[in-house]
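Sequences are here, hints too, so could you generate the full structure?
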Amino acid sequence: MATPVSTPETRVNPHGESRLYLRTEQIPKFFEAFGNYCETVKAKARRNFWITMGIYLFFSFLSLAYLMDEFDLGDDEEGGIIIMAFIALAIVLVVLIVMYRGRQKKHGLLHARQQILHQFFGLIQADLHPDSGLKGILDHGKHGANHVYKEKTSPNSGTKKKYYKFPWARLKFTLIDGTSMRLECLDKIKDKGGAVVRFEEIQKAKCQPNALLYQSEKTLIPVRRSLSLSEQDLRDNAGACGEKMLESLKISMRQWGPKQELSLSTLAENAMDAKVEPPPAQAAAGLASGRIVSSTRLLAYLNQSELPGLNYTRLAKGGFRVKYTPPNGQPQNLTLSLSEEGELTYLRLFLPVLLPQVKPEELLRANPALAYGRFATLPQAEGKAPELFLTKTLLYATLDQAELDTAIHGLATQGSQLAEVGELPVKAKAFKGLRQAGWEQFLLQEALQGVDSELSSQAKKFRVILPVSEQRKQTVHVRFDRQDLEGHPMIAIQSFCGAQSPELYKICLEENGKMAYGAIGLAKLGNEEMFVVGDNQLAETADPAELRAAILQIAHKADNLEALLTDADRH
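Note that my numbering gives residue 529 to position 529 of the sequence shown, counting from 1, and the numbers run on in steps of one.
You may find that some hints are simply not true.
Per label pair, the in silico range of CB-to-CB distance [claimed, not checked]:
#1 Gly16 with Asp72: 52 to 58 Å
#2 Val92 with Gln125: 46 to 52 Å
#3 Ala563 with Arg170: 43 to 49 Å
#4 Ile81 with His147: 28 to 34 Å
Dumping the calculated DSSO-like pairs for lysine-lysine here, alpha-carbon to alpha-carbon at most 30 Å [unchecked claim]:
#5 Lys150 with Lys172
#6 Lys142 with Lys165
#7 Lys460 with Lys172
#8 Lys323 with Lys165
#9 Lys161 with Lys150
#10 Lys105 with Lys160
#11 Lys359 with Lys162
#12 Lys323 with Lys461
#13 Lys506 with Lys460
#14 Lys105 with Lys190
#15 Lys44 with Lys29
#16 Lys524 with Lys461
#17 Lys359 with Lys514
#18 Lys190 with Lys160
#19 Lys29 with Lys106
#20 Lys106 with Lys165
#21 Lys172 with Lys160
#22 Lys323 with Lys152
#23 Lys190 with Lys162
#24 Lys150 with Lys162
#25 Lys514 with Lys172
#26 Lys105 with Lys135
#27 Lys160 with Lys29
#28 Lys359 with Lys161
#29 Lys105 with Lys165
#30 Lys42 with Lys106
#31 Lys323 with Lys359
By construction, these hints were calculated from the structure, which means they are not laboratory data. Glycine included, each C-beta is placed from N, C-alpha and C at the ideal position.
Take a look at the structure:
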């Protein structure tokens, strides 16, 4: 007999973490009830304050009357007792007022959070999918040690400063066209020598100086948008802030889709009807491919990086030189550059590596097994050996803080370990995870939505067949059974091209330095060693848009290479 699946229930904790599992029609009722609760709490706090003040004034009057009756104010000793009593009563009054104002501020912030979310979801209620619902977490607690993302010590006073990111809302919902959305609300707080300071104005600091950061994220369309507000602005104009959140979301969608003013649901429908084609192949010479684009967001991520000891400098020709020492490793110097190819913008990371004399085929065989980055070379002047480096490419539209930190840490750790061990991996480690079954296919289907493709699977191995032109198709293999050197699950994306050819080894390594996504390597298909174009992504931070771009780019690159190697269309 089958066991019925229980529906998760919403659990509300007004002083800690609340878990929401709301149906679409329940969303406005929940936030309305939330608002009523906030009003009740504030009214109760006011009532308790005035009751306490009444009791205080009553006992103060009795105490002073008793002292004035029993003691002589003109006497030095007795007058001193009366004055001390006055001071004590004044201190108690100040303490009562400070305590009330602290509670008033806490309850006011809680109410402001309710108002901004109530306003936002009220405005988009008609644009939510009937089966969308609202899932996620609201945390009414306080920031703690697990929310620290940066620590600094003042060189002058020696005072320790701690910087916190406290996520008080992490919510998921679905638009009327089925597009999945995530909304994250963060408190950004500085603790200086035990005193908590909320950022409310722009200052010169490495962390972004805002009390609250609201970040809405599209997961199917490569668009990301954030809105920063001060705490005072949130308290005074919570409803208007909710309207700003909606406008920010609309701007994000208009940047991807039509430019005219449309309703949110119409924009979503147009986005789903848009024809999706693989991006064009543009291999540019050297590290700087395509035109240079704005690095403002990248600079903000570097400033807010949670990697200890990370330092960076701007490069004269654009990009950044990043120095980072991984735990138990050696200092590594990476180069980060932004470039556009076609309609997409990429962030490319380069890490020079020094290895003993290795053959080009050994580097190509190691490429599919590398968890982070791929081996590539830069041609040098005649008589000099090509410069060897590890390269990693990220889609800039979907890049976030965690993904950038993971890429820098992973590439630096891998480079340090390769230099220490001196051996190249030949096969990626197998991974057997405990994650809920079926998430792999769901992620792939989400990534390939709207793309003409055939998807088949066997356990954690998937095969995607994509038409790259009217006459040709390309097969991309996506595997979820691999892990990196630290045991984190990886997604391996590969597409075979044709039989290997020794005279092309060096050319392939040079081409790897130009490719936007993936890199050429050597891998076995059955018993035959073949050229393969592949890439690996960390499963924990996998993004459908990032996975989609990788699959399309790798399919296109692999088909181009296969067409050069042979006239056939076998793979």
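Evaluated hints:
{"no.": "1", "hint": "Gly16 with Asp72: 52 to 58 Å", "result": "holds, 55 Å"}
{"no.": "2", "hint": "Val92 with Gln125: 46 to 52 Å", "result": "holds, 49 Å"}
{"no.": "3", "hint": "Ala563 with Arg170: 43 to 49 Å", "result": "holds, 46 Å"}
{"no.": "4", "hint": "Ile81 with His147: 28 to 34 Å", "result": "violated, 49 Å"}
{"no.": "5", "hint": "Lys150 with Lys172", "result": "holds, 28 Å"}
{"no.": "6", "hint": "Lys142 with Lys165", "result": "holds, 11 Å"}
{"no.": "7", "hint": "Lys460 with Lys172", "result": "holds, 26 Å"}
{"no.": "8", "hint": "Lys323 with Lys165", "result": "holds, 24 Å"}
{"no.": "9", "hint": "Lys161 with Lys150", "result": "holds, 8 Å"}
{"no.": "10", "hint": "Lys105 with Lys160", "result": "holds, 26 Å"}
{"no.": "11", "hint": "Lys359 with Lys162", "result": "violated, 48 Å"}
{"no.": "12", "hint": "Lys323 with Lys461", "result": "violated, 37 Å"}
{"no.": "13", "hint": "Lys506 with Lys460", "result": "violated, 33 Å"}
{"no.": "14", "hint": "Lys105 with Lys190", "result": "holds, 17 Å"}
{"no.": "15", "hint": "Lys44 with Lys29", "result": "holds, 22 Å"}
{"no.": "16", "hint": "Lys524 with Lys461", "result": "holds, 16 Å"}
{"no.": "17", "hint": "Lys359 with Lys514", "result": "holds, 20 Å"}
{"no.": "18", "hint": "Lys190 with Lys160", "result": "holds, 11 Å"}
{"no.": "19", "hint": "Lys29 with Lys106", "result": "holds, 23 Å"}
{"no.": "20", "hint": "Lys106 with Lys165", "result": "holds, 18 Å"}
{"no.": "21", "hint": "Lys172 with Lys160", "result": "violated, 36 Å"}
{"no.": "22", "hint": "Lys323 with Lys152", "result": "holds, 18 Å"}
{"no.": "23", "hint": "Lys190 with Lys162", "result": "holds, 6 Å"}
{"no.": "24", "hint": "Lys150 with Lys162", "result": "holds, 6 Å"}
{"no.": "25", "hint": "Lys514 with Lys172", "result": "violated, 37 Å"}
{"no.": "26", "hint": "Lys105 with Lys135", "result": "holds, 28 Å"}
{"no.": "27", "hint": "Lys160 with Lys29", "result": "violated, 44 Å"}
{"no.": "28", "hint": "Lys359 with Lys161", "result": "violated, 50 Å"}
{"no.": "29", "hint": "Lys105 with Lys165", "result": "holds, 19 Å"}
{"no.": "30", "hint": "Lys42 with Lys106", "result": "holds, 10 Å"}
{"no.": "31", "hint": "Lys323 with Lys359", "result": "holds, 28 Å"}
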